[in-house]
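Colleague: Start from the sequences, fold in the hints, and give me the full structure.
Note that my numbering has the sequence shown beginning at 5, numbered continuously upward.
Each hint can be trusted.
Calculated cross-link-like contacts (lysine-lysine; reagent style DSS-like; alpha-carbon spacing at most 25 Å):
1) Lys279 x Lys318
2) Lys318 x Lys217
3) Lys321 x Lys339
What the hints contain is simulated information worked out from the structure, not anything from laboratory work.
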Amino acid sequence: MGGRMLWLLVPVLFLCGTCWGRFVVEKNSLKVTSPNSLKGIYESAIGNFGVPQYGGTMVGIVAYPNANRKACHSFEDFDISYKPTKPGGFPTFLLVDRGDCYFITKAWNAQNSGAAAVLVADNVAEPLITMNTPEEENSKADYLQNITIPSALISKSFGDRLKKAIENGDMVSVNLDWKESLPHPDNRVEYEFWTNSNDECGPKCDSQIQFVKNFKGAAQILEKKSYTQFTPHYITWYCPELFLSSQNCKSQCINHGRYCAPDPEHDFSTGYDGKDVVMQNLRQACLFKVASESGKPWLWWDYVTDFAIRCPMKEKKYTKGCAEEVIKAFGIDLKKINKCMGDPDADEDNPVLKAEQDAQIGKGSRGDVTILPTLVINNKQYRGNLDRTAVLKAICAGFEETTEPAVCLSDDMQTNECLENNGGCWQDEASNITACKDTFHGRLCECPVVEGVKFFGDGYTHCKAKKPSTEGGWSFLWVFFILAIAGVSAYGLYKYRFRSYMDSEIRAIMAQYMPLENLEAQSHIRNDQS
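Modeller: Below, the structure written as structure tokens:
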């Protein structure tokens with residue numbers, strides 16, 4: 005019985021090393037624009053699934069269903085649909101209650117009902133948490149990667165206020181903003197990928213491998229042109245001192261219990277051990293270090309992709325020999341990698357793995373890394389699907405507007421949100437005029453300018469043309485003529501005033517001479533008389 009308890013306790017203690025850390029919930033702003041009683045900006049926690057619109061915004065109307073309020077069942081069973089019946093309607097933010105089923109189930113049912121986003125109202129008064137995906141053994145959700153709508157958790161108090169406003173018949177308009185979810189410190193985006201070489205941990209391991217394969221091309225383009233700085237990381241735990249001499253720690257750890265990983269199959273009697281995973285993780289970390297020193301850090305993507313293909317656990321090829329054959333194929337110095345890895349049996353710190361453990365601890369606004377896989381972009385943890393398009397969009401949102409590299413603007417990466425239901429914007433089907441404008445950071449509902457005619461309105465429900473008229477032109481001419489006449493009059497008045505002034509000056513000067521002439525004349529007269 006004691007051995008059984010020890011077998012269960014050691015993995016739990018490994019995991020608790022991260023549970024005691026500081027986990028930061030990534031948030032975005034939810035702005036309520038109506039009714040007046042709710043106007044303001046509220047916090048919401050980004051779900052760790054779906055596709056957050058990093059760098060963009062989404063405007064919509066909040067709806068609270070009359071039935072199936074926890075969204076644990078399909079809304080079709082209740083004859084409830086939020087799919088638009090005609091163009092120009094606002095997107096629906098479906099408000100659902102927390103509880104009774106997984107967050108991803110709520111998001112999936114909301115998406116199938118036609119909702120553009122899902123807001124989950126907490127059922128207890130507590131700080132916001134991150135809505136994460138369930139553990140593999142407890143979930144058969146094959147639809148996880150197909151969830152495309154964004155999701156957010158809101159506080160119980162805010163949720164109650166939204167429900168009350170909706171029940172009172174108010175139209176609750178909201179704006180979900182992801183613009184500041186990722187900071188823009190400079191022209192280079194820095195991101196980290198916390199991963200694992202283990203390929204036997206179920207769907208999460210499969211999704212990691214598939215992501216690396218799909219994202220490799222874009223990642224290498226960004227890295228080669230210095231648009232990004234990428235760093236892979238690997239989580240390890242230490243063995244509690246109480247169990248250092250146990251067989252469990254010896255099979256899962258290297259360097260005398262300093263660096264450990266859980267058993268891949270969760271069975272200590274068969275297959276590979278946790279220490280095998282630690283060694284392969286260390287090899288990948290050292291390969292990245294050596295490749296970076298040679299000026300080719302992007303070779304990490306090639307190696308990890310080929311290693312997953314050529315050295316899988318299922319085929320019993322997850323070995324040092326297979327890994328070294330892959331390394332040789334890329335011409336990377338194997339001796340430097342082996343030197344970097346050091347002695348796994350030595351009772352001392354390994355500099356590379358020690359640095360990895362230190363990096364797990366959060367600094368500043370970034371929390372501890374406790375979830376695998378984890379993507380950190382510009383020191384902010386990414387929330388959403390581990391999908392090439394979603395991740396690339398998040399990385400591209402880390403660039404300042406208009407500074408995105410070409411790969412961010414490629415057709416296969418761009419999604420035209422105006423194609424479906426006209427993006428929820430106003431349109432005139434008869435004239436084929438729309439207010440929907442697709443941009444990299446999402447669609448905008450903005451009244452257009454068509455052949456010199458400017459349309460005015462909110463862009464969502466109405467746009468009205470204001471035709472240019474000749475009144476403005478005639479007004480301009482009248483103003484011009486009036487100004488011209490005023491100018492001529494002013495000039496004439498100036499000339500008149502100037503001439504009058506000169507005449508008066510001349511008369512004044514002449515007046516000074518006249519007395520002299522009179523005096524001279526009088527003098528002559530007196531002389532003659534004498």
